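2 protein chains.
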Amino acid sequence: MGRWQPDARNRLREAAMDLFSEHGFDQTTTAEIAERAGLTERTFFRHFTDKREVLFDGSQALEQQIVSAVASAPESSSPLELAAAGLCAGGEALEERRAFARRRQRIIAATPELQERELMKLSSLAEAMAAALQARGLDRQKALLSAEIGVAVFRAAFERWIAEGQRKTLPDVLREALALTASLASTK
Amino acid sequence: MGRWQPDARNRLREAAMDLFSEHGFDQTTTAEIAERAGLTERTFFRHFTDKREVLFDGSQALEQQIVSAVASAPESSSPLELAAAGLCAGGEALEERRAFARRRQRIIAATPELQERELMKLSSLAEAMAAALQARGLDRQKALLSAEIGVAVFRAAFERWIAEGQRKTLPDVLREALALTASLASTK
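Heads up: the protein sequence lines correspond to chains A and B, in order.
First residue of the first sequence: 1395, per this note's numbering; consecutive thereafter.
First residue of the second sequence: 1395, per this note's numbering; consecutive thereafter.
These are computed hints drawn from the structure, not numbers from a lab.
A couple of the hints might just be wrong.
One copy or two, it doesn't matter: identical chains are merged, so the pair holds either way.
Unchecked claim - Taking lysine to any residue pairs in the SDA-like style, the calculated list, with each CA pair at most 25 Å apart, reads:
no., residue 1, residue 2
1, Lys1445, Arg1491
2, Lys1562, Asp1533
3, Lys1562, Pro1506
4, Lys1562, Gln1528
5, Lys1445, Glu1416
6, Lys1515, His1441
7, Lys1515, Gln1499
8, Lys1515, Arg1500
9, Lys1562, Gln1535
10, Lys1562, Leu1456
11, Lys1445, Ala1479
12, Lys1562, Glu1521
13, Lys1445, Leu1513
14, Lys1515, Ser1577
15, Lys1562, Arg1534
16, Lys1515, Ala1495
17, Lys1562, Ala1479
18, Lys1562, Glu1510
19, Lys1515, Glu1447
20, Lys1445, Arg1511
21, Lys1515, Cys1482
22, Lys1515, Thr1505
23, Lys1515, Ala1503
24, Lys1445, Glu1507
25, Lys1445, Thr1423
Fair warning: this is a prediction, and the values are worked out from it, not measured in the lab.
Bound-form chain A, shown alone (with noise of 0.2 Å):
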């Protein structure tokens, strides 16, 4: 157990999530999940910085794909096209794991203290996004709203692609959701 362990940070993230599916998330110590893992509490911490960390890790690398392609989407792009870029790249980044997805979700759904971390992530996101439209020439009101508008599109549309049955890829339930908006303002 104190060797090197190259897989030990997936593993901690499996037995956190089995954890945290069969007796919830409050109910689930750092030390039941580092045993269920076959690892030390210490190694737990050498990994995350709490049993919160596991399910909000990726949110910052999320964050710096979105931006970075808002950052190089075409010249001639709309606002509503700037952000679709990076909420696209962001789609094409979580793809690979709508397994972990729905679980994640269903865990943050039954526990309020998630929820509200989840929101506030987002609310980070929309910011981050609206400094890099305004990076593109965008003036603060027209820059915040297509942010907003483009993390409400983005959180319709993973709704939709986490949903049991749905086999449609994230970045093509997002193109959905972007057309869907464009035509929101005159069909019924």
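Position chain B against the provided structure of chain A, taking the given hints into account.
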């Protein structure tokens, strides 16, 4: 002090807002709020369940106003027009309280616990609005997307409305944001 105080609720709110602004939300106790208002702590708890409720007791009424305006919007409305009808009704209800809204926002921005609470309230508003849109005949996908976008527009407009020096009314700022939303897909 034991007598019926017709304006007790307002005095308690005033006192709480002053103390939150002066010392911070976390550092203020209900006993201090009651003392500043010249009332007993018992009276405080007859009006509010805790100090947080001073900042959030209006949100349920706001949600009901928005939902009922969606329900009674004209038959021919597009999805975004339905959402807009709700938002503008909410905007009219808030319009008289700009000074309060501005102070409240500063207190919330300084306290992560309150930010989380505010985001949960907005998320619940989007859910209620989506249900009201489904009741108007939209499918779940369109309803959720319109509601999320509606709340996104509301947040962006609200930020402009409470900015120092802003003289436009909230319904006017909301209508501008809605018009801008329709143009974001095409113009830069």
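Quick rundown of the hints versus the structure:
no., hint, verdict
1, Lys1445 / Arg1491, "within (20 Å within a copy, 41 Å between copies)"
2, Lys1562 / Asp1533, "between (35 Å within a copy, 18 Å between copies)"
3, Lys1562 / Pro1506, "neither (29 Å within a copy, 36 Å between copies)"
4, Lys1562 / Gln1528, "between (32 Å within a copy, 23 Å between copies)"
5, Lys1445 / Glu1416, "within (15 Å within a copy, 35 Å between copies)"
6, Lys1515 / His1441, "within (20 Å within a copy, 33 Å between copies)"
7, Lys1515 / Gln1499, "both (14 Å within a copy, 19 Å between copies)"
8, Lys1515 / Arg1500, "both (17 Å within a copy, 20 Å between copies)"
9, Lys1562 / Gln1535, "between (33 Å within a copy, 14 Å between copies)"
10, Lys1562 / Leu1456, "within (20 Å within a copy, 37 Å between copies)"
11, Lys1445 / Ala1479, "neither (32 Å within a copy, 43 Å between copies)"
12, Lys1562 / Glu1521, "between (28 Å within a copy, 24 Å between copies)"
13, Lys1445 / Leu1513, "both (18 Å within a copy, 22 Å between copies)"
14, Lys1515 / Ser1577, "neither (28 Å within a copy, 28 Å between copies)"
15, Lys1562 / Arg1534, "between (34 Å within a copy, 17 Å between copies)"
16, Lys1515 / Ala1495, "both (15 Å within a copy, 24 Å between copies)"
17, Lys1562 / Ala1479, "within (18 Å within a copy, 33 Å between copies)"
18, Lys1562 / Glu1510, "neither (28 Å within a copy, 32 Å between copies)"
19, Lys1515 / Glu1447, "both (12 Å within a copy, 24 Å between copies)"
20, Lys1445 / Arg1511, "both (13 Å within a copy, 22 Å between copies)"
21, Lys1515 / Cys1482, "within (18 Å within a copy, 28 Å between copies)"
22, Lys1515 / Thr1505, "both (16 Å within a copy, 16 Å between copies)"
23, Lys1515 / Ala1503, "both (15 Å within a copy, 15 Å between copies)"
24, Lys1445 / Glu1507, "both (13 Å within a copy, 19 Å between copies)"
25, Lys1445 / Thr1423, "within (8 Å within a copy, 31 Å between copies)"
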